[in-house]
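Given next are the chains, with one letter for each unit.
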Amino acid sequence: MVKDLSVSLCGLTLKNPVVPASGTFGFGLELADTLDLNVLGGISLKGTTREARFGNPTPRIAECTAGMINSVGLQNPGIEALVSDKAPALRRIYGGCIIANISGYSVGEYAFNCERADACAAIDILEVNVSCPNVHGGGMAFGTDPQSAAAVTRAVRAVTHKPVFIKLSPNVTDIVSIARACEDAGADGLTLINTVLGMRIDIKKRKPVIANKMGGFSGPAVFPLALRMVYQVAHACRIPVMGCGGVARAEDVLEMMMAGATAVQVGAENLRNPAACPEIIEALPALMERLGIDRLQDIIGIVE
Amino acid sequence: MQKRIFTIESNEAVARDTFRVVLRTDGPVAIRSGQFVDIAIPGFYLRRPISVSDTLPDGVVLYYKVVGEGTAVMARMVPGDTLELLCGGGFGEAGATSVAATECQQDAKHRSNGVADRNEVQVAFPLHRGMSRQRQGVWGTDGIRGLGHGFHPEKCREAALLIGGGLGAAPLYLLARELLAAGRKVTAVLGFNRADEICLADAYRAIGVPVHIATLDGSAGVKGFVTDAIAAARPAFDRFYTCGPLPMMKAVCTMLDAPGEASMEERMGCGAGFCYGCTLQTKSGPRRVCADGPVFDKEEILW
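For the protein sequence lines, the chains are A and B, in the order given.
Residue 26 is where the first sequence starts when you use the working numbering, and the numbers rise one by one after that.
Residue 2 is where the second sequence starts when you use the working numbering, and the numbers rise one by one after that.
Just to be clear, a hint being listed does not mean it is correct.
[Unchecked claim] One-sided and incomplete, this derived list gives chain A residues near chain B with beta-carbon spacing under 10 Å:
#1 A87
#2 M93
#3 A166
#4 P233
#5 V234
#6 A246
#7 P249
Quick caveat, the hints were computed from the structure, so don't treat them as lab data.
Positions of the beta carbon are idealized from the N, C-alpha and C atoms, including for glycine.
Chain A extracted, bound-state conformation:
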């Protein structure tokens, strides 16, 4: 039997639930000559701020056991480049769901960026990043407190008719309270988790490996942590969840969906294997066959 990989997300139909996570796939265009992007259910674009940013000093990358730390620091060309150049260029070659990932340093900047993205026909979903661990005075500062996460959500909700997903940080005591605050403030969905704040030290140099000292830890090592949080949030909220964190195989996609994720983002794995997402998508039908699953939509949140 032909397997149905499609999922419904805020009224949009994704041909499959697999979405490269923000920051691990550029603006999609960088990989257009390498992959057929059109096998992907969606693409979450690189996090974008109002002004262009160089990002953090290098080294920005540290290898870990079953994962890595990044401290790119939201290098991006700015919101105008996103809406006038990057997203329309991707739309010309890609028919799936385009997710703009929006960052900011103030509630006003989040709202400004989302208003600009709202006017861009190429963008399907706004993913609001209140969880970047690599910038000071922005990003994660808004996602570690229910009130400020709700304030950002309300502000962006007011300026767009596109679905708004809030991307949550795992670097909190109680992610459910923040998820609920976002839902109550009008979020259409939630993406979780962003990276876990981490650190490595070069014992020969007696210095941090990362120039910015700390960075965001991701990769298969964080999968159980991410899965647990997806499970908690999906069961506490009524809005859809995009599960993210350590997904590397088709099996992980099913786990995330059984925990309650409607779509599943693949992050760090893209960096070690640029074909990770197409490979996972190709592996899904056979895995579904083995497990007696005909429609992926049927398994979302089946684990009580």
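For chain A, the structure is supplied; the task is to place chain B on it using the hints.
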């Protein structure tokens, strides 16, 4: 971009902590000097980017230094072992997605219909298909290329000076072969910490390139830096190319008036231009070492 399985033909220590590995695969290799391959080492999360020192019709020669746990594992690998390399080129390169653009646009109109006809994506699936083992016999016309942008031998008019520090001698060797093939004169100045770290000097001499050595401790050649060896040898050149530690390249690029190119190094994430982990601030804005480089004109770099 494509993933290819290579088999180790030899993997031998050639100098202190320095190994030369010859890798063969089942397709034509067309890698330019200064480009690199990104090697997956079993048990380690990220790939290791290593510049190509020489090419064979179906293989590459790489030099690497054992500096950490990953390269230590690589040093213990033996002939017959295999490694997966991320390379450039491959099936449908230059327009994988755009080839399918017509279908995509149609698909965009019918997105709400759910699962697309899988046939529409069969036209191009380069990395994916290139990496599938049973399909390894399938090739694009241009074979296996390197990652990144390499040196520009064509910009040398008559005579080139190659300045390598440590393992920087490795990628410059392929450049020397390209320059000689184009009828240019080539001189090499190679710097090392000490005599037992010297590598590739004989390889350069074997293809007719005069080699001037500098060692920091004076155990071979001129005592001091490559800049001292250049001052002593006074080679004639209209363009120089350098690869090595940043302080060495900075000294060379600020001392020499001639136009030059430098191969930059930075810790990489993806190695292929989409994670922005290895960005360098340059005179023309942020550039990715892996994809925009690793070779840059010396004038571009903010020394």
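Comparing the hints with the structure gives:
For A87(A), the suggested interface contact is upheld, since its CB lies about 8 Å from the closest CB of chain B, less than 10 Å. With a least beta-carbon distance of about 6 Å to chain B, the hint placing M93(A) at the interface is held under the 10 Å criterion. For A166(A), the interface hint is violated, the least distance from its beta-carbon to any beta-carbon of chain B being 22 Å, above 10 Å. The restraint placing P233(A) at the interface with chain B is violated, with a minimum CB-CB distance near 13 Å, outside the 10 Å limit.
The restraint placing V234(A) at the interface with chain B holds, with a minimum CB-CB distance near 8 Å, inside the 10 Å limit. For A246(A), the interface hint holds, since its Cβ comes within 10 Å of a Cβ in chain B; the closest pair sits about 9 Å apart. At about 17 Å, the closest approach between the beta carbon of P249(A) and any beta carbon in chain B exceeds 10 Å, and the interface hint on this residue is violated.
Of the numbered hints listed earlier, those contradicted by the structure are 3, 4 and 7.
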